[in-house]
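Q: Residues per chain are reported as follows:
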Amino acid sequence: MVAPLQHIIAVAGLLFSIGVLGVLFRRNAIIVFMSIEIMLNAVNLAFVAFSRYHGNIDGQVFVFFSMTLAAAEVAVGLAIMVALFRNLKTTDISKISSLKY
Amino acid sequence: MIGDYLPILFVFLLAAGFALGALGLTHVVGPRIKTRVKLSAYESGVDPVGPTHSRLNVRYFLIGLVFIIFDLEVVFLYPWAVIFREQAAQGPFILYEMLFFLVVLLVGYLYIWRKGVFEWE
Amino acid sequence: MGSADILSTLPELVLIATALLLLVMESAAEPHRELLAATALGGLAIALVTALGYGADGLYYSGMLQVDPYARFVSALALVLAALAIMVAVPYLRRTLEERGEYYSLMLFATVGMLLMVKAQDLTMVFLGLELLSIPLYVLAGFYRHRSSSNEAGLKYLLLGAFAAGFFLFGIALLYGSTGTTSYSGMAQAINSGTELSRVLTLAGFGLLLVGFAFKVALAPFHMYAPDVYEGAPTSMSAFLSTGPKLAGFATLLKLIAVVFAGTMVHWWTAIWILAALTMTVGNLAALRQDSLKRMLAYSSVAHAGYLALAILVTNYDSGFAMLFYLTVYVLTTLAAFGIVSLLEEGEESAMPGVEACKGLARRNPWLAAAFTLALLSLAGFPPTAGFLGKFFLFNATLDAGYLWLVILAVLNSLVSVYYYLRPVVAMYMQPGKNTSALPIPRMLIPALLALAVVALGAGFIPAPLVHATASAISAIL
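Protein chains in written order, with numbering that gives the first Met the number 0: chain A, 0 to 100; chain B, 0 to 120; chain C, 0 to 477.
Treat the hints with care, since some could be wrong.
[Unchecked claim] Reference excerpt, derived from the structure (chain A facing chain C, CB under 8 Å, subset only):
| # | residue |
| --- | --- |
| 1 | Gly18 |
| 2 | Ala28 |
| 3 | Leu39 |
| 4 | Ala45 |
| 5 | Asp57 |
| 6 | Phe64 |
| 7 | Val75 |
| 8 | Ile79 |
| 9 | Leu87 |
These are calculated hints, taken from the structure and not from any lab test.
By construction, the Cβ of each residue, glycine as well, lies at the ideal position given by its N, Cα and C atoms.
Just chain A, with the same shape it has in the complex:
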């Protein structure tokens, strides 16, 4: 049985919302990062679902790009976090606030 398009898009929407809430409420930079990954994966799910619905593979190709982007962002993010941790000894974003007005 194939799940109808609406159901898959609803799941994608739910995942995306969970990711957004995670970004907004979590304090640890690594967890915030994981929430962003959830958002991107929700997008991938939507792309694949739409791709199947329309019967063209443009959406699936896009998923490759968005996965590469996610990897690149993680790589850069972890590198910055390692540098930050060396200086400040924390990854709690509520404590990283020397630049406030």
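With chain A's structure known, arrange chains B and C on it following the hints.
A: For chains B and C alone, coordinates are given in the frame of chain A:
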């Protein structure tokens, strides 16, 4: 016209409700019995000794990062391989494209090598 | 597929080759660091020549990219901007002993991202260009890895940028779901003929795309990161951060709306109206309270994004022309202003120069003070500078489209902005400074100052050449 927007509103409400609901539910339903034993870290029944966060060597991260990047770049070889035969009939352009891509990766590889990412010391 | 495609992306290929060469140079056993900047500038110069001169207009790479006068104009501006940003950076990097090949290499990659964004004829390319622009900038914002302020700027920029990319991608996914394609022409056809899956999906997709763009160009309420990031980043980088993404973002958004969403924009008018009004007000009011020059310029850049959003709201020939004119003046002026601020940052490494750092500058370096005054007056929109003309064109186009109240608000905002733009000017000319010895002005900064003079004063007095260039560029898409 405005009626058309109702489904999307419902999806948003459902999405927000689900996420907030799940967060709230764990707060309400989850029992909280805090004893000293319960708050201590689980170490297979053995009393925990020392701090739980042992720091990993930063090399692990570096190797991990390099792996993620190169692992994912390979993904682009597959769709290329699928259409290679039909495109190659029209000329070698498709081959040059992939060679260019690989040269870019190679320079990146050379760079991290020279910068000592693979030196496990 | 073939040589015509390669020719159409020659500037990008030249830049990528140069960027790779820089990495190789950097990883040599004994890197010749003094050659790095020259190599990068050489690559940019060749790219500029090829961007203007080579290849015919048209669609390339199976309709992924389009070369037209609009793309050529914005590309040329982006290349000039990147070259000036590198020149501003050289003395700063050398003084702080942080000159490394990665800086220039990443700058070139970011520039390639900008070029791809404006050439894009497909949301896939827009997305790739946007990320190729953003990811190097995350690294560059955190480039001074031993400064915790720079780390923090990098992390904030990265987290919010990645968050925005999520919205951007979800928007693309919904648009793809609705129209079954990601190409501009395919989407436009589906939307205009009403054969899309659902109008609601299209509108939701465009809304999410707009949120993604709003983050990148720092429109309120998505601007929160901008002041922190621009302040914490190395000053030479703030110069590029506050101009490059805005240039590419606005240019791409205008093209996207003009080509694809012109018919469905009606539903988003109110939202963009509010974004524009909120952005200029928040930016200007917050800038009033700033003492740090970098933070003041950061909020000023937010305010300018608000003015530029007026053009997005209207999206017709007049507003598009005004936007390009305004963008040209804005990016070169802001770049020079940040360049001058980076000079004032003497002594302590991470010191953030405040308004008091300007005191007595007119006596120490009369020419530098004059240049800074010119930049600030142009940003404030004083006649006869080009900043005034840009505002005039922009507000006039908005007024003609019938947004009277928005224009009144924008004019009031411009008046408010005069206060904070004039504070450093007053400090430079009216207040004596502790230090009276002249600051050494690095030779590399002079091209940026000349560009400032040409665009702010030259285009103010003799606007015809710039007007012709922008008008012919914009007629390609509107």
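Q: All the hints need checking, so say for each whether the structure fits it.
A: Here's how the hints hold up against the structure:
A hinted interface residue such as Gly18/A counts as satisfied when its beta carbon comes closer than 8 Å to some beta carbon of chain C; here the least separation is about 7 Å, so the hint holds. With its C-beta approaching chain C no nearer than about 6 Å, Ala28/A sits inside the 8 Å limit, and its interface hint holds. With its C-beta approaching chain C no nearer than about 6 Å, Leu39/A sits inside the 8 Å limit, and its interface hint holds. Interface hint at Ala45/A: satisfied, since its Cβ lies 4 Å from the closest Cβ of chain C, which is below the 8 Å cut-off.
Using the Cβ-Cβ criterion of 8 Å, the hint placing Asp57/A at the interface with chain C is satisfied: the shortest such distance is roughly 6 Å. With a cut of 8 Å, the hint placing Phe64/A at the interface with chain C holds, because the nearest CB-to-CB distance is about 6 Å. A least Cβ separation of about 5 Å between Val75/A and chain C falls short of the 8 Å threshold, and the interface hint therefore holds. Because the smallest distance between the Cβ of Ile79/A and any Cβ of chain C comes to about 5 Å, under 8 Å, the interface hint for this residue holds.
Taking 8 Å as the C-beta contact cut-off toward chain C, the hint placing Leu87/A at the interface holds, the least distance being around 6 Å.
Against the hints set out earlier in the document, no violation occurs for any number.
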